[in-house]
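Chemist: Residues per chain, in single letters:
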Amino acid sequence: MEAKTNPTELGKKLRFQGSEIVDVQAPNGKTIACAKQGSVLVPIDKVAIYAMGKVKKYPEDELRRLQELKQKNRKSFDANPENKRRLKEIMKLKYNDERSQEMLESIKKIGIADSVDGISPIIAHLLSVGEEVDVQSPVRHPGKLEGPLGNLKVLSTWTVLPDGMRYLSSMNFIPQKEENE
Amino acid sequence: MNIDDLLMLTDDQIDYTSLSEDILQQLALGEELFIATSALTELSIRNSPCAASVAWEILSHAHGDHHLQARAVEVLFEVNRKRAMDWLEQQVPECEPFMLNAIMELIIENESDFKFEPGLSITHLVIERLAEFDEDYEGTRFPHPAVKSSFLKHFDYLRSGFAASAHHLAA
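Chain order of the listed sequences is A and B. Numbering-wise (my numbering), the first sequence opens with residue 1 and increments by one. Numbering-wise (my numbering), the second sequence opens with residue 1001 and increments by one.
It cannot be assumed that every hint is accurate.
[Stated by the list, open to error] The list that follows gives simulated cross-link-like pairs (lysine-lysine, BS3-like), each with its CA atoms no further than 27 Å apart:
1) B:1148 <-> A:88
2) B:1153 <-> A:75
3) A:36 <-> B:1153
4) B:1148 <-> A:72
5) A:70 <-> B:1115
6) A:109 <-> A:13
7) B:1148 <-> A:56
8) A:144 <-> A:54
9) B:1082 <-> A:57
10) A:144 <-> B:1148
11) B:1115 <-> A:88
12) A:54 <-> A:30
13) A:30 <-> B:1115
14) B:1148 <-> B:1082
15) A:88 <-> A:56
[Stated by the list, open to error] Label pairs and their calculated CB-CB ranges:
16) B:1116 <-> A:61: 42 to 48 Å
17) A:155 <-> B:1118: 21 to 27 Å
18) A:64 <-> B:1112: 17 to 23 Å
19) A:134 <-> B:1093: 56 to 62 Å
20) A:115 <-> B:1057: 35 to 41 Å
21) A:162 <-> B:1118: 26 to 32 Å
The set of hints was computed from the structure by calculation and includes no laboratory data. Where a beta carbon is used, it is the ideal one built from N, C-alpha and C, also for glycine.
Turn these sequences into a full structure, and let the hints guide you.
Modeler: Structure follows, in structure tokens:
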């Protein structure tokens, strides 16, 4: 793992917070940019994509067309197995897109912006949660992300890499109303 | 690649078609909900025998979030209609607006299954629930106005029947 100089604003902000951006090689050969602080790694895309509403959009027109075909002409819909496969694929994209939009709404509600300025406090929060984690199993670790307008409960799970680094594997936001239930 | 290796990645970096059903099952029941939604969908696309049991596991334990659960009920409905209908009947009276919206979309898409019993009772329950969300309702963005309007368009004849029988009983 090698620390790299990152010219971006995010890199500067993270360095200012005492962390850095490093490239981690995943076992499938993909290079993953992570924020690193001590023995904790937070993959930047899990925050910059998932939490910022940047998950791939689903094709609304194609979904509507397939649903209408299924409703109005079931025989024709069933005649082509590709219709069924594609409908399932689009529904998956829809739910993942909606989850990502919901995460973005949650962070906006506590006053965090959809920008580098928004990503860096979330990453800083996760890096601090990671430092506290005693990782033996993928237990959900609670944390409270503080924003200018309120707090958001964040549940994260962590894995230990072969070199002993704690790596963020998942992050879910618990909206206020669910937290109160 | 094992589960931990896969969980290092984001959803769009994973080729689900190359994974075994055992791995897909573990991912679908895992904590990374973007990946769980995709893994469950891949099991369903393959018509895997375990798709229904994984979907049921998600629904019966309220695992994950409402997005994953909405996907799970669609998967279950496809392979085990009776169990899915039982779950829907239980959920409709009290589920949160997002899930009600997802259930309405499922009903519209599979209209013929909800015109007659046992599905018809669920349709009636949804119509009853919709009274909570009149035009002045400002609680959440769900049920989505377009979904509500489409649902009422499909099942308007039931609403009139409902009103007529209520009027008859009152008289």
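Chemist: It remains to establish, for every hint, whether it holds in the given structure.
Modeler: Okay, the hints, checked on the actual structure:
1. Taking the CA atoms of residue 1148 of chain B and residue 88 of chain A, the gap is near 22 Å; set against the 27 Å cutoff, the hint holds.
2. Restraint check for residue 1153 of chain B and residue 75 of chain A: satisfied, since their Cα atoms lie roughly 23 Å apart, inside the 27 Å limit.
3. The suggested pairing of residue 36 of chain A with residue 1153 of chain B is violated, with an alpha-carbon distance near 54 Å, which exceeds 27 Å.
4. With a CA separation close to 19 Å, the supplied pair residue 1148 of chain B and residue 72 of chain A stays within the 27 Å bound.
5. At roughly 16 Å between alpha-carbon atoms, residue 70 of chain A and residue 1115 of chain B fall within 27 Å of each other, so this suggested pair holds.
6. For a cut-off of 27 Å, the pair hint linking residue 109 of chain A to residue 13 of chain A stands: about 22 Å separates their Cα positions.
7. Restraint check: the Cα-Cα separation between residue 1148 of chain B and residue 56 of chain A comes to about 26 Å, which is no more than 27 Å; the hinted pair holds.
8. Restraint check: the Cα-Cα separation between residue 144 of chain A and residue 54 of chain A comes to about 23 Å, which is no more than 27 Å; the hinted pair holds.
9. Under the criterion of a C-alpha separation no larger than 27 Å, the hint pairing residue 1082 of chain B with residue 57 of chain A is inconsistent with the structure, at around 33 Å.
10. For the proposed pair residue 144 of chain A and residue 1148 of chain B, the alpha carbon gap of about 36 Å is over 27 Å, so the pair is violated.
11. Of the supplied pair hints, the one linking residue 1115 of chain B and residue 88 of chain A holds, its CA atoms being roughly 23 Å apart against a limit of 27 Å.
12. For the given pair, residue 54 of chain A sits about 20 Å from residue 30 of chain A by alpha-carbon distance, which is consistent with the 27 Å threshold.
13. This hinted pair does not check out: residue 30 of chain A and residue 1115 of chain B have alpha carbons roughly 50 Å apart, beyond 27 Å.
14. Our distance criterion of 27 Å between C-alpha atoms is met by residue 1148 of chain B and residue 1082 of chain B, whose separation comes to about 25 Å.
15. Our distance criterion of 27 Å between C-alpha atoms is met by residue 88 of chain A and residue 56 of chain A, whose separation comes to about 15 Å.
16. Between residue 1116 of chain B and residue 61 of chain A the CB atoms are about 31 Å apart, so this pair departs from the stated range of 42 to 48 Å.
17. Between residue 155 of chain A and residue 1118 of chain B the CB atoms are about 37 Å apart, so this pair departs from the stated range of 21 to 27 Å.
18. Between residue 64 of chain A and residue 1112 of chain B the Cβ separation comes to about 19 Å, which falls inside the hinted range of 17 to 23 Å.
19. Roughly 42 Å separates the CB atoms of residue 134 of chain A and residue 1093 of chain B, a value that falls outside the hinted 56 to 62 Å.
20. Judged by the Cβ atoms, the range 35 to 41 Å given for residue 115 of chain A and residue 1057 of chain B holds: they are separated by roughly 38 Å.
21. At about 53 Å, the beta-carbon gap between residue 162 of chain A and residue 1118 of chain B misses the expected band of 26 to 32 Å.
The structure is inconsistent with the numbered hints 3, 9, 10, 13, 16, 17, 19, 21, although it conforms to all the rest.
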